[in-house]
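Chemist: Line by line, the protein sequences give chains R and P. 505 is the number that our numbering gives the last residue of the first sequence; the numbers go up by one with no jumps. 492 is the number that our numbering gives the last residue of the second sequence; the numbers go up by one with no jumps.
I should point out that these hints are in silico values taken from the structure, not numbers from a laboratory. Note that the coordinates shown come from a computational prediction; the quantities given were computed from them, not determined experimentally. For each residue, glycine too, the CB sits at the ideal point set by N, CA and C. Misleading hints may appear alongside valid ones.
Chain P regions said to be covered by chain R (calculated; three or more residues, Cβ under 8 Å) [stated by the list, open to error]:
(1) 152-161
(2) 303-316
Far from chain R, some chain P residues (derived; all Cβ distances over 12 Å) [to be verified]:
(3) Arg-25
(4) Glu-107
(5) Tyr-148
(6) Leu-183
(7) Ile-281
(8) Gly-359
(9) Ala-365
(10) Val-381
(11) Phe-396
(12) Tyr-401
(13) Thr-404
(14) Ile-427
(15) Leu-456
(16) Thr-474
(17) Leu-475
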Amino acid sequence: MNGAAIGAWDICLPVLLPMAATVLIGLTGRWPNLREAVTLITSGVLVYLVVGLIQPVFEGARPDILLFEMMPGLSIRFTVEPLGALFAGVASFLWIITSIYSIGYMRGHHEKNQTRFYICFAIAIGSAMGVALAGNMLTLFVFYEVLTFSTYPLVTHAGTDEARLGGRTYLGVLVFTSICLQLPAVIWTWYLAGTLDFTPGGILEGTASPELLGALFVLYVFGIGKAAVMPFHRWLPAAMVAPTPVSALLHAVAVVKAGVFTVLKITYFIFGLELASTLATGEFLLYAAAATILIASLVALRQDNLKRRLAYSTVSQLSYIVLAAMLANELAMVGGGMHIAMHAFGKITLFFCAGAILVAAHKTEVSQLNGIGRRMPWTMGAFAVGSISMIGVPPTAGFVSKWYILIGAFESQQFIAVLVIVASTLLNAAYLLPIVYVAFFKKPDDEPQPNSHRGSIGAAARAPHGEAPLSVVLALVATAAGTIILFLFPGSVLTLAQQIVASGG
Amino acid sequence: MITENLPILLVVIPLLAAPLCVLLRQPTLVWGFATLVSWMVFAISIQLLILVLQDGTISYAIGDWAPPWGIEYRIDPASAFMQLVVAGIGAVSMVFAAKSVPHEIPERRIYLFYTMYLLCLTGLLGIVVTGDAFNLFVFLEISSLSSYVLISLGHDRRALTAAFQYLIMGTLGATFILIGVGLLYMVTGTLNIADLSGRLPEPAPRTSLVAFAFLTVGTSLKLALFPLHLWLPNAYTFAPSMVTAFLAATATKVSVYILLRFFFTVFGVDVAFFDLPVGDILLPLAIVAVFAASTVAIFQENVKRLLAYSSVAQIGYMILGISFATVNGLTAGIVHIFNHALIKGGLFMALGSVFLRLGTTQIDAMAGLGRQMPLTMAAFVAGGLSLVGIPLTSGFISKWYLVTGALEKGWWLVAILVVLGSLLAVIYVWRVIEAAYFRPAPAGAAQVKEAPLAMLAATWVLIGANLYFGIDSTLTVGTASRAAEVLLGLEI
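Please construct the entire structure, taking both the sequences and the accompanying hints into account.
Modeler: See below:
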């Protein structure tokens with residue numbers, strides 16, 4: 001591969017920069033404005049660096065660098081390829097917006113320990129970059145785990161008993177799946193193939209009997225707990241105790257997408273589409289993903305807490321991508337890859353809105369939102385756009401990726417998958433549109449709801465409120481606009497996603 | 001000249017320094033002297049490791065009496081690796097001791113404390129470098145007797161019973177080893193370890209089988225293999241902090257080394273693992289050790305005792321690796337000796353700092369400590385994650401090779417049990433973390449300061465090394481796998 005224009009630093013910097021920024025954030029902790037400036041500048045530079053990496057990838061280069069040996073024969077290695085570039089691009093771009101949002105949110109909500117918050121956030125982004133650019137499964141696994149542990153202090157940020165228990169579930173599920181299922185799968189792969197490098201077309205073909213490889217596939221898919229395939233999804237609703245910017249960027253974009261990204265990655269680069277489509281367990285995993293899509297949507301219907309409803313919606317949407325991977329054909333891969341980006345924009349908008357409602361109106365439950373659209377028109381307008389994208393209706397981004405997954409399902413003759421996608425579209429509408437409806441068309445309640453817990457103090461809830469802080473509104477309008485723009489001009493995302501499979505030829 | 005005599009200097013310097021401590025008496029002076037000696041020994045050990053890795057096994061004839069008639073010191077990759085662990089931990093412990101020992105040991109006994117410490121260091125290093133089975137027993141006794149004294153110097157009166165318990169069990173173990181060595185001498189007429197291996201008759205007569213049994217059980221007692229671990233939790237809990245850190249990181253590890261020597265060098269892998277069902281016995285014991293001891297650790301209220309049980313579990317991992325009797329298995333066992341020495345040394349030192357400030361190591365008393373002693377507790381978190389085996393810590397490397405070893409044998413169940421065992425570690429480590437970071441400090445408790453610089457530095461040197469060898473393990477794994485190949489007879 002010709003990566004002549006790309007030096008070693010260019011590939012490593014996206015990972016190192018956020019990590020290095022933590023030092024500056026720590027040092028400037030006493031001066032909040034300066035500290036936030038560090039975060040903002042870092043995120044800006046990061047996008048610049050990532051774009052610099054994407055450019056040559058468009059032209060077909062696959063820059064690659066071997067850093068050092070972690071164990072004899074096992075290296076830390078970075079390779080830039082289209083799927084990773086796509087993920088890195090989405091995560092880094094949304095980090096800028098989330099940072100703007102965070103500033104308004106964290107200050108508006110009077111959160112404590114903000115320096116720790118920004119430090120852990122930067123580490124999490126750095127490790128998400130590491131996952132995106134990983135050139136072999138070992139590197140990916142290492143950053144995957146760093147991501148888990150760096151987000152733990154973010155999830156338990158409030159320091160309350162509720163946060164501690166949420167943190168237990170979060171860490172419990174993610175560590176169990178990664179150490180007990182994924183790690184053995186990685187070591188097994190190494191033992192079978194003698195390499196862990198991501199190779200288009202896979203490295204496992206013919207190394208063991210189809211039954212064993214099928215079992216390995218199962219270990220991987222469930223072991224990647226961040227993809228939240230049921231029954232290992234519980235950590236995601238539990239993580240909702242975190243401050244909203246965390247839920248928005250990490251638990252709608254970076255962390256969960258790192259999960260499904262890994263699933264796509266192992267399907268394409270460890271097993272290879274050809275092998276994956278012949279494995280007996282592929283069918284089983286396909287149904288597991290399909291079941292997750294439907295069950296999570298049904299659970300979401302019954303959640304009154306807005307963030308929990310969105311969390312279950314994420315569980316369901318993640319399984320679209322897992323489903324796409326299990327279809328194991330090129331169109332579905334393209335759809336899955338695109339859905340990483342498309343869902344990210346839609347879901348982050350929804351979470352931003354949930355946070356804005358919390359900051360401005362101190363409301364957390366869906367049943368409290370009657371008439372809120374009149375007071376917060378921008379927020380709820382963006383929420384409507386995000387909802388439409390979740391459902392997958394034009395003119396929003398969700399439509400494009402869903403379209404590709406649907407064609408992929410037809411191509412594989414998996415009509416159950418087709419049915420599931422259609423049914424879940426209806427369910428998505430059923431749990432999201434009522435929120436939009438009550439917000440705009442119902443009369444506001446005069447009395448605060450009795451079940452309004454979680455810091456929504458009665459007096460504050462009664463007081464008239466307007467929109468959330470400006471930076472919050474700006475951020476959520478920007479991502480909502482992004483969902484529409486990605487529908488109108490899906491070019492770059494589509495090209496990258498198509499290159500994923502093109503590189504396999 | 002000096003280079004040639006390094007093997008004997010390694011042992012003689014601390015041995016001669018010990019009585020000098022008695023003459024010096026003045027506590028600070030003794031500490032300074034003992035520290036100087038420990039660092040000299042560490043420097044020698046580094047030099048020795050380099051020599052062995054470059055030129056292969058070193059043989060040193062004491063008093064120029066050629067082996068097998070005279071006593072031989074023999075340093076192959078396995079012993080070179082071990083002596084580095086012992087000397088390195090010894091040197092770092094002395095830095096830690098600067099503030100910890102004056103706080104826990106009455107001033108009039110401090111010089112005795114360091115005398116005993118140097119003797120213990122002598123014994124442990126001697127075991128590792130000697131090539132003579134009887135000499136090994138002598139050094140074992142030197143290290144054991146001095147460690148009984150060190151433990152009994154603990155501030156709590158229960159330290160005396162703990163030391164006595166250890167004395168009884170340890171003496172039993174040492175006696176078994178002596179009987180084993182005696183029987184071997186009876187069969188072969190030699191005590192030189194390298195010579196022994198060539199002279200043991202094939203097939204093994206009953207006498208040498210009995211010797212094997214005595215040696216195995218005796219060593220297992222010393223290394224605290226489940227269910228012979230009963231002395232360990234009390235000894236570690238009540239010993240002075242510096243002693244716990246030093247012994248936890250070295251004493252049991254050296255005993256594991258003795259086991260390796262007898263199994264692989266003296267009897268050979270064929271006798272130990274193919275003629276005799278040693279693997280079939282060690283494997284279940286090791287797995288039970290991991291699960292039983294980790295489960296007990298979860299329910300401990302005293303963090304020192306919690307880590308002591310965790311040590312029993314970690315020894316289980318080392319023995320598990322050895323029981324595979326393959327290159328990857330042995331590599332896992334040996335590299336875990338090294339990694340675990342760093343982990344537990346660092347963790348016990350962090351606890352020593354906690355004890356210095358709080359006067360206790362109960363979990364409840366540690367509530368809210370994350371804010372008051374941030375650096376100490378951060379070290380504890382890093383060490384704890386390594387115990388679990390999270391990537392970028394050395395514990396991950398151990399786990400990787402252990403699972404590889406199990407998979408390569410086709411033992412899926414064992415591989416699964418290894419990773420499940422680490423989940424138990426998550427639980428007991430997280431109990432401490434949740435207390436330190438999520439619970440407010442107990443009402444009425446005095447605000448405490450961060451630990452003194454010397455103790456922090458020592459703790460973080462070990463924790464830092466532990467992280468470093470988790471990121472770049474080519475040195476540790478490389479040495480360990482060479483040691484494994486030598487032990488398995490694949491490389492001369």
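Chemist: None of the hints should be skipped; say for each whether it holds.
Modeler: Results of checking the hints against the structure:
Under a criterion of three residues with beta carbons nearer than 8 Å to beta carbons of chain R, the stated coverage of the stretch 152-161 of chain P fails, only 0 such residues being counted. Coverage of the stretch 303-316 of chain P by chain R is violated [criterion: at least 3 residues with CB-CB distance below 8 Å; count 0]. Every CB of chain R lies more than 12 Å from the CB of Arg-25/P, the least distance being 46 Å, so the non-interface label holds. No Cβ of chain R comes within 12 Å of the Cβ of Glu-107/P; the nearest lies about 41 Å off, and the non-interface call holds.
Separation of Tyr-148/P from chain R is adequate, the least Cβ-Cβ distance of about 39 Å exceeding the 12 Å criterion. Look at Leu-183/P: its CB is around 40 Å from the nearest CB on chain R, clear of 12 Å, so calling it non-interface holds up. Annotated as non-interface, Ile-281/P keeps its C-beta farther than 12 Å from every C-beta of chain R; the closest such distance is 25 Å. Every Cβ of chain R is farther than 12 Å from the Cβ of Gly-359/P; the closest lies at roughly 26 Å, confirming the non-interface assignment.
Every beta carbon of chain R lies more than 12 Å from that of Ala-365/P, the smallest distance being close to 19 Å; the non-interface claim holds. Here Val-381/P does not stay apart from chain R, with its beta-carbon only about 9 Å from theirs, under the 12 Å limit. Chain R draws Phe-396/P into its interface by the beta-carbon criterion, the shortest separation being 8 Å against a cut-off of 12 Å. Separation of Tyr-401/P from chain R is inadequate, the least Cβ-Cβ distance of about 8 Å not exceeding the 12 Å criterion.
A beta-carbon of chain R is positioned within 12 Å of the beta-carbon of Thr-404/P; the least distance is around 6 Å. Chain R draws Ile-427/P into its interface by the beta-carbon criterion, the shortest separation being 9 Å against a cut-off of 12 Å. Under the 12 Å C-beta cut-off, the non-interface status given to Leu-456/P relative to chain R holds; the minimum distance is some 18 Å. Separation of Thr-474/P from chain R is inadequate, the least Cβ-Cβ distance of about 5 Å not exceeding the 12 Å criterion.
The Cβ of Leu-475/P sits about 10 Å from the closest Cβ of chain R, inside the 12 Å cut-off, so the non-interface label is violated.
Violated hints for the displayed structure, listed by number in ascending order: 1, 2, 10, 11, 12, 13, 14, 16 and 17.
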